[in-house]
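Quick note, the sequences are listed as chains A and B, same order. 22 is the number of the first residue of the first sequence in the numbering used here; add one for each residue after it. 11 is the number of the first residue of the second sequence in the numbering used here; add one for each residue after it.
Accuracy of the hints is not assured; some may be wrong.
[Claimed, not checked] For lysine-lysine, the following DSS-like pairs were computed, each having C-alpha atoms within a straight-line distance of at most 25 Å:
1. B/Lys126 to B/Lys38
2. B/Lys126 to A/Lys175
3. B/Lys20 to A/Lys175
4. B/Lys126 to A/Lys68
Hints in this document: simulated from the structure, not taken from any laboratory.
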Amino acid sequence: MATTTFNTTTAIAVENISKQFVLRHTRSIKEAVVWLAKGRKGDLVEKFFALDNVSIDIKQGETVALLGLNGSGKSTLLKHISGVMLPDSGSVHTRGRVAGLIEVGAGFHQDLSGRDNVYLNGAILGMTEEEINDRFNSILEFSEIGQFIDTEVKFYSSGMYLRLAFSVAVHTDPEVFLVDEILAVGDEPFQKKCLKKIKELAEAGKTLVVVSHDLDVVSKICSRGILLDHGHVVFDGPIHEAVGVLRGK
Amino acid sequence: MSSNVDSLVKPGLGGGLGDVFRSRFLLKLLVRKELKVRYRGSVLGLLWSYVKPGVQFIVFYIALGVFLGLEKSPRNPGGLPNYAVYLFSGIVLINFFTEALGNAARSIVGNGGLIKKIYLPRELFPVASVWVSAVHFFPQLVVLVAACFVAGWHPNVIQLGAAVCGFIIVALLATGLGLLFGAINVYFRDSENFVDMLLMIATWASPVMYASTMVQSKLGEGWYNVYQTNPITIAVEAFHYTFWLPTTDGSAGIPPHLLSFWIPLGIVVSIAVLLLGQLTFRRLEGRFAQEL
Numbered sequence: 022m023a024t025t026t027f028n029t030t031t032a033i034a035v036e037n038i039s040k041q042f043v044l045r046h047t048r049s050i051k052e053a054v055v056w057l058a059k060g061r062k063g064d065l066v067e068k069f070f071a072l073d074n075v076s077i078d079i080k081q082g083e084t085v086a087l088l089g090l091n092g093s094g095k096s097t098l099l100k101h102i103s104g105v106m107l108p109d110s111g112s113v114h115t116r117g118r119v120a121g122l123i124e125v126g127a128g129f130h131q132d133l134s135g136r137d138n139v140y141l142n143g144a145i146l147g148m149t150e151e152e153i154n155d156r157f158n159s160i161l162e163f164s165e166i167g168q169f170i171d172t173e174v175k176f177y178s179s180g181m182y183l184r185l186a187f188s189v190a191v192h193t194d195p196e197v198f199l200v201d202e203i204l205a206v207g208d209e210p211f212q213k214k215c216l217k218k219i220k221e222l223a224e225a226g227k228t229l230v231v232v233s234h235d236l237d238v239v240s241k242i243c244s245r246g247i248l249l250d251h252g253h254v255v256f257d258g259p260i261h262e263a264v265g266v267l268r269g270k
Numbered sequence: 011m012s013s014n015v016d017s018l019v020k021p022g023l024g025g026g027l028g029d030v031f032r033s034r035f036l037l038k039l040l041v042r043k044e045l046k047v048r049y050r051g052s053v054l055g056l057l058w059s060y061v062k063p064g065v066q067f068i069v070f071y072i073a074l075g076v077f078l079g080l081e082k083s084p085r086n087p088g089g090l091p092n093y094a095v096y097l098f099s100g101i102v103l104i105n106f107f108t109e110a111l112g113n114a115a116r117s118i119v120g121n122g123g124l125i126k127k128i129y130l131p132r133e134l135f136p137v138a139s140v141w142v143s144a145v146h147f148f149p150q151l152v153v154l155v156a157a158c159f160v161a162g163w164h165p166n167v168i169q170l171g172a173a174v175c176g177f178i179i180v181a182l183l184a185t186g187l188g189l190l191f192g193a194i195n196v197y198f199r200d201s202e203n204f205v206d207m208l209l210m211i212a213t214w215a216s217p218v219m220y221a222s223t224m225v226q227s228k229l230g231e232g233w234y235n236v237y238q239t240n241p242i243t244i245a246v247e248a249f250h251y252t253f254w255l256p257t258t259d260g261s262a263g264i265p266p267h268l269l270s271f272w273i274p275l276g277i278v279v280s281i282a283v284l285l286l287g288q289l290t291f292r293r294l295e296g297r298f299a300q301e302l
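This is chain B alone, in the form it adopts within the complex (with noise of 0.2 Å):
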């Protein structure tokens, strides 16, 4: 601040992501006001963090493992040994991505009417978002590493590493689109619905309910690559590798490449998504005051 003191300098121009690093004492106030408000008023207060997921695996697990004979057993010998942990590792990333972006994409008109009076890095609200969700993801994690231990988990640092990959990768991404649709639901408000819609396509076009060797086989190895540069399928493959591959026999299907060349891609991908979601951010920002 001092060395504006003696500069003139042009309100309303941010550092982009920048400001939000130089903001975090504000940053911190913002996501600790998020979790604060979120749950008030309710008995249950931050249990529901548990609850809801628990209950959602509860009935996927029900659904797909049993009556769809996802899980292995001795009636079902082709299905996924330890489908629990396959299920449970998956969803918890999603409901991370799903939650982060459904919230960062409403960020910007949610808080319209600060945005509309005091200048501040605007991109502190999708980062709140984000960063909320995943203080939320964390006792989901808690729950899923407990449920690997008793499946008889016993991970190397490799496969630790994997999963903080997966999580960047998520968090990244999360980042990235909730910038671009947050910055774009200003001008339309068709923009939330839209991600509504991307959200529900993310959580089937990911193998989190199936293994991604049913889609090699249904897809055809050309396709399957197509399938596979999506960022979400790599993370969720990334913490299958995690959690679930250390409590099975090592025979069941992980992609092949996936430390040497698929994590490293949905890096690169997500790094870019953040880039075009940061410039387009940046591109609109300029009149969210005029248009909220």
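Chain A on its own, in the form it takes in the complex (with noise of 0.2 Å):
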């Protein structure tokens, strides 16, 4: 693969990225310094390698499962297409606005109300102030949430939260989708219809990447699939086949 020359519909580039995760913290200076004097012995803490020499390019509209069973590094890798981690080694490229719906809610404060809610975690997810005002009629219809919208979300009922929650992300209006184990929203009428707004994401022409468990859905949404197993890539290719290798195992 190309090191550095970038096909212009490539929207993202993982290149050769890996990253250490240490298993024990330390969490005092004490225990520093007593290694330190110690002359440095030792490991202070112990590693292992979350992603080893993972390389991934995805194009532009492209719609990606990333699979593999827990522990295996999809999160970790959606962290690093998102920016909230960096590669100890290894590059990762964008192209456009980023938006992960990676645990719908994380923005979402509880002694506020629904609308504030809405406000901050469009801000949270990159959206400005005439970009939030202009959607938000279309937020609200969208969520079902209808007179609730000005309650405190801590009284809200966990479907209410997390159907607010995705429609506020599915608002974003990225280029670049990162869904993490989020498609079990809501009840079944209102999951229906998230896949129906991520199906409709894929038409438009935008970039998807998925993270879940739920092999049948990621079938029907995604067209390739990328198996993962203790941070190695294992499989890339057609969605089906990808989910007979993982179902195989």
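Could you use the hints to bring the two separately framed chains together as a complex?
The following block contains the structure:
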């Protein structure tokens, strides 16, 4: 794979990234000082590779599922694409605004009203004030929250909470969408609505990167599957083959 | 944003404090959130921002001004005239610093849930903490000004400018130290305890309760100059110069060269601390998401 020249249609270019995590965190200066005093013997922390030399090239408009068992590095990879984490080595490049539907509601505050949270979360996801004003009614309508919009979200049911959060996220209108385990949102009608919305986004030419354990759902949404295992890419190809490989394990 | 559409960019590499300016809408919402959430469920609400410093002032005034004899009175001619104004003008500034730095140092760990999941300029959180403290500082300033007028305040423009400089020095210093200790706190939670200790020292290492002339007579000229390089000391003295000096006959002590040397020095030191904080923060923020 070429290292510096990218196709103009590349949306996400991940090149040879590696990421090490520590298993045991030292949280006090005392331990660090003791370690230094002992002449830095041994590792202060145990490490393991969450991602080991991963390279992926995703074109604009592609719908990609990141598959793998728990701890295979899917979410870590997604965090590198969103910029939350930086790789130890290698590089990540993205084109256009990237929005993460990563654990929806991360930016919600329990003591604020639904309306305040729409603004706060919208701004956190990179929307401007005008964009949120313009789309507010659309967000409200999609979420089906109705009159509860001015109630503090701590009084919301978990379904209402997720519906509002999902609704804000899909209205950010990014070029690249990162979706992490949020397809189990709300009741079944709302789930269908979400899936329909995500399909619409894909048809509108948005790039989608989806992490999910629901293989049936990702088979419907995505065309390409990337299978990760212990930080390595073990398969990269059409979604049905990827699902087959994962199921065959 | 539109310029990014055509080019590949590396995610997660922010532009530091410049990004905070570009996301000022988000900053505004974060500050508004803090202000709404702070006194939730309390009967007095924002009034607490008056009550707490008010009580603090009364306690200090009685203990220090009356019992320890810092207030000038017919029986105590060596004391400070208008000690109440002297004390309160220092307290409001120290309160601003204490609240700003204390909250900024905890802001990164406190917002860990968000920082772990969504990329946004992380400098926003310490800056928002300082901003919120500035909003709480304002009502105290109003009380101070009212008290000054009662005591016969008649400031000139230069004196008002000195207060603005004092405020800026403290705001920059709190932001810089907030970035520094906020980032370190992610790795070592000792940081926030260290900050608490530092804030206790800061309260007493500046002439808030006592007069700087007392320090001068005890320490001698050399050490006194060292004492004076503390930006908080300079800012507190700038506040005394603005709010307290015009209410007295002007004979009491304000350090020489305050305007020509110390205030510019305070601004320079604060900017240096801000740069140091920003550099440290940039170095450490790459691993925030995995350490939190």
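Results for each hint:
With a CA separation close to 21 Å, the supplied pair B/Lys126 and B/Lys38 stays within the 25 Å bound. Between B/Lys126 and A/Lys175 the CA atoms are separated by roughly 22 Å; this keeps the pair inside 25 Å, and the hint holds. For the hint linking B/Lys20 to A/Lys175, the alpha-carbon distance of about 36 Å lies beyond 25 Å, and the restraint is violated. With a C-alpha separation of about 19 Å, the suggested pairing of B/Lys126 with A/Lys68 holds against the 25 Å cut-off.
Checked against the numbered hints listed earlier, the structure breaks hint 3 alone; every other hint is satisfied.
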